[in-house]
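Let chain H serve as the given structure and place chain F on it in line with the hints.
Sequences listed follow chains H and F, in order. This note's numbering applies: residue 73 is where the first sequence begins, and numbers increase by one. This note's numbering applies: residue 188 is where the second sequence begins, and numbers increase by one.
Keep in mind that the hints were calculated from the coordinates and are not lab data. The model shown is predicted, which means the values in this text are computed figures rather than measured ones. Accuracy of the hints is not assured; some may be wrong.
DEER-style ranges, computed between Cβ atoms [what the hints assert, rightly or not]:
| no. | chain 1 | residue 1 | chain 2 | residue 2 | range |
| --- | --- | --- | --- | --- | --- |
| 1 | F | ARG555 | H | ARG301 | 20 to 30 Å |
| 2 | H | PRO237 | F | GLN302 | 49 to 59 Å |
| 3 | F | ALA442 | H | GLN83 | 35 to 45 Å |
| 4 | H | ARG280 | F | ARG554 | 17 to 27 Å |
| 5 | F | ALA310 | H | GLU212 | 25 to 35 Å |
| 6 | F | GLN302 | H | GLN83 | 47 to 57 Å |
| 7 | F | GLY351 | H | ARG308 | 27 to 37 Å |
| 8 | H | ASP353 | F | ARG554 | 36 to 46 Å |
| 9 | H | TRP608 | F | THR319 | 54 to 64 Å |
| 10 | H | PRO487 | F | ARG555 | 48 to 58 Å |
Where is the CB? At the ideal position from N, CA and C, for every residue including glycine.
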Amino acid sequence: MAPTQPPEDLQRALQAISREADLLKARAPAELSGAEALVEVQAHGDLVARFLADVREALSQVFVAGVAYPDPELPDELQNLGERARALGLPTAVLHLRSLRAWLQAVHAEHAPEPRRALGSGAWQEAQRLLAWTRLFTIEHDFLRVQARLPGGGASVARDGAAVPTRSLTVWPAGLDLDASGKVLLFARELETGRAVVLRDQWTDWNRRDPLHGRVVSRLFQDAVDMGRVLSGVVRLEEHPVVERRDEWLFRPAFRAVPRPLAVASSFEPPALPEASPGADGGPTAEEPPGPLALTARLRFVGGQVVALGASNGPLELELSPTLRLTWTKLLARSPARTLDLPLVVVPLRDRYQVLQQRTDLDERVHPSLDPTLFRLEATRLGALAEVSALRFPEAPCAGALLKLALVPHRAWEPDALARLLDGLPGLVPTDLGECWRYGLARLLTGARVEPEKVLDRAREALALGARKDDAAADLLALARVLGRPEGSLSTADLRLLDGRHLHQAVWLVFASGAQDTLRKELMELSRQVYARPAWSPTAGHVCARALLLAFEAGWDGADGSLEEKHPVAKAREFLAGHLADKVPGRSKRSAVTAEVGELFLLADTWAWLTGEDRRGPTLARCGASWERVALPCAEWLCRWTLDGVRDRAGLEAVTDALLTAAVGGVAELLVQ
Amino acid sequence: MADEEPLGKADRDRLVRMGDAFERIDKVLFDLGLQGLQRMTPSSVSELKALEQTAHNAGMVRVERQVETLATHVQRYLEKDPLFTMEAYSTTLNRLWLLNNQTRRRHATGATPDQLVDLLGEARRSYEELPTPLTLQPLGAVGWVSDTDFVGVTVHFWAEGREGEPLQASNCKPCMYFGKDPRQLLDESVNGTLSVTMRDLSHGAYELRRAKVSRDGRLSLHKDLVVSAAPYLGSRAYSALSVPDWSTLVDRLRAGDVQPVEGAGGRHVFLEPARWGELHVDEKLQRASAELGDARGASLTLEVPTRAENNLLVDNLEAMLGTRKRKTGALPDALFGRATVSEGRLTFFPYTAIFNHAVVSSDRGRRRVNELHLGLESLRGVTATER
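Here chain H stands alone, though its shape is the one from the complex:
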């Protein structure tokens, strides 16, 4: 709507009102400070509140009656309100009240409808302006009144509730205990007094395999921290809430207090620790002080496992977690001696000691219970060992070649040596079935084809032997060739030596060399004679052979498989998945008995084949295998190898299997560097 132009006399009146309001504003005191405004409100707040309420009431009359028919007494009321506004020092209110009065008087005086309507528009606009000012001022005034009622200054009131004890101190963290849910106990000693201190923490989002490398989201530190660096320095706590136990202080994640990790100089020496004194059973005694303690343990490799003993070879109860076993197995594997004495930092936990830290030969402090990357074996050293081991078994050149090939990803070979290794492969002539299979694997690892003419004779013979209907009619010469025994040295009783492993190798070779159509009849016969019957033992070899045959029966051609539901391998894949759940460690809670290291490789290879994954990649890891339960048996085999060498061909093959399994288990980089 176009703004209303008031008649001349009204215009003059409005101008006079405006001038008066300006004069009032000029005479008004400078803007009050917050404190002055509060004093003012305390003194006159009620008056102003009543004034504002009265203005609202007057405006209500305007809205009820309408500006076309104003109450004839309203202008007087507005006049009174204007005077009150002047007395209260509110020039803007004076302006609007008197202006509204002037407009309403003009409306009242005008009788012609159209001019009356036009004047009503001016009155309406002025009423809205007055209301806007009133609303804003009321809100502001209400706030000031509320604030003026709050007492200010004066002495502080003590807070309700008991104060929580706090402490400020610097601690040296010896190590930590971490569980699967991320609950952490950080064991430390106070730098000044040596008192035992425990810091509790809760981690989210950490590298579960390697928690000390990379950042963890820590509740205690209220940040993403590098725990490896935290453990390499000291931690400062300032007024941190504490629970004080008899011999130990406990600090939990706080709401306000945040510990600060601090780096230390290279010359920093941690506080001297009390010596642990294990009891007769090798465990902590009741008198053992809490907190980190010094202890020397003797490590040995006995019966294919690491064993920890106390001084004088007495018993020692240590918490031997899978990671600790792994790191100590590697430590022994790379040590020239079969026995090691280790200076440790431990903490007593009920009936055994938890290993927090150990000192290495290079005087570093490491955490073997947490860091699976410690003490890796040198690839070049293993390469030299592989050369020696392969030379000991000239009758199994393919097994020797495969062992060396298994070290190629670890850069164990100089370029010349590697070139010789690869060039020599095609010239190898496998003899028995095992050699044929290892030759085939070696070709797979180098991305080359498996020549049927080199491997199919043994495969065919193994298939025929496996599918025999009558032991008496079995070809024992063929059996000797398959098993790599001297001809004429075997009897029908030795047919039991042909097991699932051999059948799998035979089936594997047929598919790997692309001869499945040529040997279809033999494959089908094997399937009928062995796997159509209920009583076959589900060893890894049999399971893998059966899976490949099931796929073949469904129309699979031996090329890579697929995860598609309708692919020919789907049924075979389901069959294999059921057995994986039982045999792969960590895949299900039921898999308490772990398949042998070599068997794990067979299962991983078959799975990768049937799902189209890279057969040289970490397939076993992708099947959900627990990395600890794969890494440890592989490490134990490597330790046997480095300490004792290989005594027989089976040992040579087992070490190779360990390296291959480590690769498909995704743990190779934990074992070899």
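Chain F only, in chain H's frame:
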């Protein structure tokens, strides 16, 4: 502005419709003001309904909503409904007049509809995806039942880069199907796809990728959201909302509420009372209240309406402040909630109790937490963690 893209036809047409709408709104308001309430008839309401449509067609959402409210007031006046108050009617009228004028002035400067969105409003909230991950820590959570019969849970967050302007995310459902207890929504997935529940989001700290945030600080819990853990900041998340005393609190409230069209209606604050009064339940006024004192001796009123959806909240306050013994035996150290000044009183509605020393909550498994959401989680079964 030569290099600005020319407006599309839709926007140009909308600006024209707005221009027409300003005049029409002025005229209708003036006509109503000219005749006065006592001369209004049902056709006045019809005229306002038509005006709603005019505002709607011009995309003036805020104006449309004020017109709708004004129509309701007039309807109530005509029906002599005791819910009618002159203050509410005149306030709505004035807001509408101011909003229309403000929008017209900005429109006259050549602003585009996008540039006017703060005045025009949005019919449906729009969200913008953030280019970088958003780090959040929940400050508090509250359950509610709306007048339109929806039950919901809202979590308020500190967000990195937006300190002092909490974001909020809600999960709500119709009462007809889900009942009126907000706690039922606490353990539901936030969006039916993620395994994260509203309870999870209300504790800890998170990093969100593909986060979408609206202009008014709402966080979308859409199905493509990626949630991962982030470091918990403890008290630092509350520092921008913390007030040392109630006088400072009133100053902050005033800054948000003294606004010509519409004030903020209060704000979220973090309070650390020095003194905790006892809880009193007034059945007549249907509210539970307690006095909380600051370190300088000033008081504010903690106040909670005794509606059914607040039953757990009142129970918890009784356990905290009443004479009944509590297993934890300690008051919280702070409260997070919404403070307002209304009817001359400084009041506070608590969402969440904060404990400097974490407590163990047995709701859905034993969680160690520093915050307990008073309307959603029970103080019964909460134990201190220090032994």
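Task: Structure versus earlier hints, numbers of those that do not hold, lowest first - done: 6
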